[in-house]
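Asker: Residue numbers (my numbering), protein chains in the order written: chain R, 1 to 279; chain Y, 1 to 279; chain S, 1 to 279.
A portion of the hints provided could be inaccurate.
Given that identical chains are not distinguished, each listed pair holds provided it fits within a single copy or across any two copies.
Said to hold, decoys possible - Here are the simulated DSSO-like pairs of lysine-lysine, each with C-alpha atoms no more than 30 Å apart in a straight line:
#1 Lys263 <-> Lys118
#2 Lys95 <-> Lys204
#3 Lys121 <-> Lys263
#4 Lys204 <-> Lys263
#5 Lys95 <-> Lys5
#6 Lys95 <-> Lys263
#7 Lys115 <-> Lys263
#8 Lys115 <-> Lys5
If you're looking for bench data, these hints aren't it; they were derived computationally from the structure.
In this text, all values refer to a predicted model and were calculated from it rather than measured experimentally.
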Amino acid sequence: MKMEKAQIQQQICDAVEEARRQNPMAGSITNTVTINLVANAQLAVGGSAAMVYLPDEGEGLAAVGGATYLNMGTLFPVYAETIPRTARALHDADKPWVLDPVGIGIGALRTDLLKQMKAFKPSIIRANASEVIALADMWGLDAGKTPSQVRGVDSQDSVDAATNAAVALARWTGGAVAVSGEVDLVTDGTMIAHSHGGSSFMEKITGAGCSLGGVVAVYAAVAAPFIAALTATSIYNFAGARADAQVDAPASFQVAFLDNLYKASAADVAATPFEIEEA
Amino acid sequence: MKMEKAQIQQQICDAVEEARRQNPMAGSITNTVTINLVANAQLAVGGSAAMVYLPDEGEGLAAVGGATYLNMGTLFPVYAETIPRTARALHDADKPWVLDPVGIGIGALRTDLLKQMKAFKPSIIRANASEVIALADMWGLDAGKTPSQVRGVDSQDSVDAATNAAVALARWTGGAVAVSGEVDLVTDGTMIAHSHGGSSFMEKITGAGCSLGGVVAVYAAVAAPFIAALTATSIYNFAGARADAQVDAPASFQVAFLDNLYKASAADVAATPFEIEEA
Amino acid sequence: MKMEKAQIQQQICDAVEEARRQNPMAGSITNTVTINLVANAQLAVGGSAAMVYLPDEGEGLAAVGGATYLNMGTLFPVYAETIPRTARALHDADKPWVLDPVGIGIGALRTDLLKQMKAFKPSIIRANASEVIALADMWGLDAGKTPSQVRGVDSQDSVDAATNAAVALARWTGGAVAVSGEVDLVTDGTMIAHSHGGSSFMEKITGAGCSLGGVVAVYAAVAAPFIAALTATSIYNFAGARADAQVDAPASFQVAFLDNLYKASAADVAATPFEIEEA
């Protein structure tokens, strides 16, 4: 489905307002490094947060949440059971969910889990460029075959280099993919949006990406995948740019960033610059 | 035991000062989402924090700590052993401890653990209204039977609706119950205090409730359960109200709130408004 | 190897600049209480952070990281396998790594793990005075036998009382030991540096010590152990003192401290006061 930019902006507006109005629950299974920031970012945009580790609790969250966020960071042994059961529950109930393949390439369990996720078709994949390329490769999607350069959890590839991989992933899942970078890319396999803003400080704090994934889940509870991903990306770019203008160091930036997430109006978010093109 | 308001205020004063003077150790088994805020809040009021997950470490903390905090969030498989052994150690040694039944209703392990906690009679139960109602119901205490409306970790019930349940729980444990809400309720089954203050931002950050539980444990190391619960509730209401007047967004609020916890004088805390009535 | 103070200061300068230039990856296995602060402090000084829990992931981090940080807080059952395998991988590959024996004395697993660490000779041990004394004692290093007074995770001993233990540990490992306290001590078994600065607020926030360990690891990726430990200690003393002058309460202090870590120039860090003497 193609849309005009003005239509998209209207839907972004609606998503921001609906999240504030409905206070949707968006549960997470996410890493211990940034779990607090994920929850606070979700609350700042109007969502409700809940985090679990156990298999039946993941299924429980899947059942009651408007959307769910599965982040592959700091895996525990129990994730071998928790992640597949939760993803299956989400898939079978046709509930929106967000996958963050952080750390792809590190360890056997993560590889095993990420391979399994292919069948459960995450509504939205949120990752940096290297992770998107690596995931498309792992899932055997022909994406032009730029080899990924993952190192730890940081991207070594440009967002542009991940365009084909992102489109291929979105076409496979039938959902959307959001690639975080200096200019962010969001695609549903048909359209590609490039979103501008943010701050260089977002790479100087831990969890900008993870918490964006959590916020995508909040919006996925009230909007379709492409709009949810673009709304979250836009509010991050808006709040990041505004915070950047207010502070000069990373810890102050994190505080100002969360404050601006909270303060951002629907009009602010919809006015965050982006361009649309065909995939 | 009934007390006059002035007596209670004097004991609140003493609790604030004793915590600062004694630097009591209040160990925790608590969730990964808000664990950092729990520790920092405990330090801000003069306590010493230590967090563990393993069974013998829980017993160790129980032995050396002045009081202990058991929070049911983000359960790991090892909690099946850790929580009962720690609670039993606390009960058998007649040491004060605080139970936070966060997430009650989510998952089989949490239900199993919370049922077991009945026999170990937590000195103080700290929860929101929905959780208090659900716990009284789970423990078979006739509390007027308002059905709980738990959804994830947020309360859907009013504090008033939880009064009977709170009183019933306090009578069962012989300790105190603190119900967090817009107006907070603290009861020992005989007296009911309503404490005022705080800020609407406390629901816009994650961990206001969890960290309150940790601070209750600090005061429980130096005061009786009812006074410990009311002192912690009062200092939260004082610091929350003061921070609310200083900032206009949630991340700034969290910083200002912790700062004000640290700066609060014993007189400030004792002067935080509350009313006392018979249960 | 003995060095003149000016030489040492030049090497501190170089370490600060190299960390900013190289963005070295310093992976961690660390506790859930302060894991976010560890990562943010590592980013603030120019490093790259990644945290894991599983055995093969620990080995993976050891292989790709410039240095690795192993912190014994909040042990999970899987650590029984993860910590020894990771430490062995680091030792066998002759990669620098930092041990933080936090919580020494609490629980059987921690004792077992810390005993095993003796053979893997951590490049740098970062701890408070009580922990350093307890570790030297556990490893059977004759250190003058001041009995340690560990209580939970806080030091009950003075840094001076830990001098012999620190020197003995450094001689055993052939690396360096950093003892945190009001005046910090860093030794390689030959030289002893005393570093000044910091803030009393560093004991009023959780994680000053843990995050220092993570920052030591960043510098250990670009400098020898003694210089890495002294550089990290110096930048902490510089940023702590500067933040102390800017704020009056602990949560504001944490924000200002991280901001000042980020802003500290190589010249600032090298100019942080220290004295050198022979061990």
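Asker: Tell me the numbers of any earlier hints that the structure contravenes, in ascending order.
Answerer: The structure conflicts with hints 1, 3, 7 and 8, although it agrees with all the remaining ones.
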